[in-house]
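There are 2 protein chains.
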Amino acid sequence: MARPRVIIIGGGFAGLSAGRRLRKTDTDVILFDRRNHHLFQPLLYQVATAGLSPSQIAVPIRNLFSRKTNVAVRMEEITRLDPQANTVYTQRGAEHYDYLLIAAGTTNSYFGHTDWSKHAIGLKSIEDALEIRRQFLSSFEKAELADDTDTQRALMTFVVIGGGPTGVELAGSLAEIATKSLPPDFRNIDTSETRIVLVEAGGRLLPAFDEDQSERARKDLVGMGVEVLLNTYAEEIDSDGVEIRSGDTTKRIDAGAVYWAAGVKAERITESAGSELDNAGRLVVLPDLSLPGYPNVFAAGDICKAGDGKGKETPGVAQGAIQMGKHAAGIIASEIKSGVTTPPGKRPAFRYRDKGNMATIGRRRAIADFGWLKISGLPAWLLWAFVHIAFLIGFRNKVVTMFEWIYMYITFGRGARLITGQGRNPDSPRND
Amino acid sequence: MARPRVIIIGGGFAGLSAGRRLRKTDTDVILFDRRNHHLFQPLLYQVATAGLSPSQIAVPIRNLFSRKTNVAVRMEEITRLDPQANTVYTQRGAEHYDYLLIAAGTTNSYFGHTDWSKHAIGLKSIEDALEIRRQFLSSFEKAELADDTDTQRALMTFVVIGGGPTGVELAGSLAEIATKSLPPDFRNIDTSETRIVLVEAGGRLLPAFDEDQSERARKDLVGMGVEVLLNTYAEEIDSDGVEIRSGDTTKRIDAGAVYWAAGVKAERITESAGSELDNAGRLVVLPDLSLPGYPNVFAAGDICKAGDGKGKETPGVAQGAIQMGKHAAGIIASEIKSGVTTPPGKRPAFRYRDKGNMATIGRRRAIADFGWLKISGLPAWLLWAFVHIAFLIGFRNKVVTMFEWIYMYITFGRGARLITGQGRNPDSPRND
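Residue numbers (the working numbering), protein chains in the order written: chain G, 1 to 432; chain F, 1001 to 1432.
In case anyone wonders, no lab produced these hints; they're calculated from the structure.
Don't take every hint at face value.
[To be verified] Below, a list of computed lysine-lysine pairs in the BS3-like style, where the Cα atoms sit at most 27 Å apart:
1) F:K1312 - F:K1251
2) F:K1251 - G:K180
3) G:K219 - G:K251
4) G:K24 - G:K337
5) G:K251 - G:K118
6) G:K142 - F:K1068
7) F:K1355 - F:K1312
8) G:K180 - F:K1024
9) G:K355 - G:K312
10) F:K1251 - G:K24
11) G:K118 - G:K142
12) G:K326 - G:K312
13) G:K68 - F:K1142
14) G:K355 - G:K265
15) F:K1265 - F:K1118
16) F:K1142 - F:K1251
17) F:K1180 - G:K68
18) F:K1219 - F:K1374
Isolated chain G, as found in the complex:
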């Protein structure tokens, strides 16, 4: 008899942890991802800000499941789900499954302003990060050549929309490069006069943290020269800047680049699930993480809206995704072993174990909240660095990353300060 077939969509934190949990079970697992690599998303902003190289935070998914395991990896996009027929579709055709785990993650949401995606890049992929790096560094090159100070000032202004962890980390890093790494390199401009504006629609930064930690982060950013605008949102974004509104006042900011960290929505694949979605397009799952009406279909990670088992929602962080992937895979594994399908209501409910929450603001500045312990400043930063290196997948990436960070810490140098992606033939730049 054929072994039960489990399909996992997505090689992010949720998909990988599920694949690992199923590795030694009597199943045939196929993990689909349209990219060949797993991305350590929490450090992606460091690629965007020239601190790390892409290969230091990404690893080919195939590497993690060698041919000896029961987990096959296919670099293919799932284009449609048909849970009634236990089938998913790729461009090449139908794939049957006995169990399905949807863990395809999220994409940037521009709240209906789809044209903004051209002008305000979000930070979701390696390509995004390299494009942010290219725009940022190119803008200084253009400012260096510019003849008038108004143009220079606009080219040296960068606006980050969204005051969550990504926005805070990005704004802090950009300020750091501009004031610490770049000044010796330019002569017509003083890059320490660079203006970084962080725009947050809510009343404080990092709403997942306590109010006093939010305030600490804001003060740290301001101390680094970042302008933090709370209760402010983008009303219009174009190629030359952004129009922001706060209460009844609108203001235009001309900028060299605008970056988007204000919102994400579920990958579109959820639309074909025939199941309830929330307003961010996420699959609303039962406490066991299965889809209502489809006990053999689970969702995990940022693509689903799941409770944390304590009356709140599981936050959209790596730990949440890892734990969800493991939970769903655990149910699948035990049912395959026993041969009995348990009704969703009788399955163990997912319970999120909060291992703490961290955000880094800059060199020696971070905040961390473990419930029983809240720290900030240098201790939080050291802890942040330690935890992130420990979690980076693969020995190699750990050592190289540690070296880069130590080096950066000592010298303020940034190794990956390249402008690439101008197109193979520099005579015909791809973006300019």
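Since the structure of chain G is provided, determine the placement of chain F on it from the hints.
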């Protein structure tokens, strides 16, 4: 009185060495490059073959000439020369010079078959290298999904056109990844059956070396599973492969990708110099490296055809470019100091000091020729690794590169095995 103004076009080996030579002179030097980085070209094939990351072999030119020096760096392309008016043009306008050094290097030459550039990427820029990496790795992903063995076999065939150092190093590295690094990752294909074909129009590989060393390189490659076809050239290249001709026989090879290492020509800027060009578009220079009729205009590096002072031509290698840049800058420096323009015939003639010639074929395989000493195998490979690390610019790159190589040597792992450049939005791939 204004200081004499020296313009350098190009931040490659020749331009950098000239800039360094002029650093402490009483001049205003402007170094123009359309890219922001100097590229350590001899190791570019390692980026293409997933061994190194771009930032390990490239360094922002600005980093090398901080604002404290008299050398300003501008990321701008020179579009036209007017040596009669002592002027060069960028898109923004005219720039006057007292002395000019043209060191803009070369681009791929497809011998009139301009459409081949779409199907057979050469190895000139970081973007080229990443595209080669993307094509190579993607081809295995497609083969893994393919249903018939003919398609798989074609997708697992790669043709390298040109048996000089680049072609040899590329073919050797590709064979190594396919047979050593990739096999555990795939299950429907056996990547050790990958076919790497190296096509060389001449009668032997690496014509700059002795015949017995050429033969040693050929044997090493064949031992690694590379098919070496001598006296053979490409007659047609399309998106699915190549048609090759040897004598009166033509043969079609269906391939996952074709790579171009068969020829380069000077950057087009030479056409506006109003000076003699050879058939590769290179500037023919006088023994002092100045342009005939323009004693204040010099050329250095691969963009010029220069004698070696011993009746031969200076070879197109990094050492040649470095020495030429330094020679031209030395003449400029001494004339500016003395205030006297010497006629070209009375200036010191450039004399190429051959520091030896090396090429690596694969792990523990290389050849080196120092005139008085010719070595091959492991000693040559160790020497090659040592010399290349020593020459890599910047402490940081040295340490990281050494670590990567030691790690690769021990594990056969390749750190940078990412498929990127699919476009920021994976729904709309840039190339496929």
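Evaluation of the provided hints:
Taking the CA atoms of K1312 of chain F and K1251 of chain F, the gap is near 37 Å; set against the 27 Å cutoff, the hint is violated. Restraint check for K1251 of chain F and K180 of chain G: not satisfied, since their Cα atoms lie roughly 58 Å apart, outside the 27 Å limit. For a cut-off of 27 Å, the pair hint linking K219 of chain G to K251 of chain G stands: about 23 Å separates their Cα positions. Of the pairs offered as hints, the one joining K24 of chain G and K337 of chain G holds, with about 12 Å between alpha carbons and a cut-off of 27 Å not exceeded.
Between K251 of chain G and K118 of chain G the CA atoms are separated by roughly 21 Å; this keeps the pair inside 27 Å, and the hint holds. Distance check on the hinted pair: K142 of chain G and K1068 of chain F sit about 20 Å apart at the alpha-carbon level, within 27 Å; holds. For the proposed pair K1355 of chain F and K1312 of chain F, the alpha carbon gap of about 15 Å is at most 27 Å, so the pair holds. Note on K180 of chain G and K1024 of chain F: the hinted pairing holds, with a Cα-Cα distance of about 26 Å set against a maximum of 27 Å.
A distance of roughly 15 Å separates the Cα atoms of K355 of chain G and K312 of chain G; the hinted pair therefore holds under the 27 Å criterion. A threshold of 27 Å between alpha carbons decides the hint, and for K1251 of chain F with K24 of chain G the separation of about 48 Å lies outside it, so the pair is violated. Restraint check: the Cα-Cα separation between K118 of chain G and K142 of chain G comes to about 20 Å, which is no more than 27 Å; the hinted pair holds. For the proposed pair K326 of chain G and K312 of chain G, the alpha carbon gap of about 20 Å is at most 27 Å, so the pair holds.
A distance of roughly 20 Å separates the Cα atoms of K68 of chain G and K1142 of chain F; the hinted pair therefore holds under the 27 Å criterion. For the given pair, K355 of chain G sits about 25 Å from K265 of chain G by alpha-carbon distance, which is consistent with the 27 Å threshold. Taken as a hint, the K1265 of chain F and K1118 of chain F pair is honoured in the structure, with Cα atoms around 17 Å apart against an allowance of 27 Å. Restraint check for K1142 of chain F and K1251 of chain F: satisfied, since their Cα atoms lie roughly 24 Å apart, inside the 27 Å limit.
Proposed proximity of K1180 of chain F and K68 of chain G is supported: the alpha carbons are some 16 Å apart, at most 27 Å. With a C-alpha separation of about 17 Å, the suggested pairing of K1219 of chain F with K1374 of chain F holds against the 27 Å cut-off.
Checked against the numbered hints given earlier, the structure breaks hints 1, 2, 10 and satisfies all the rest.
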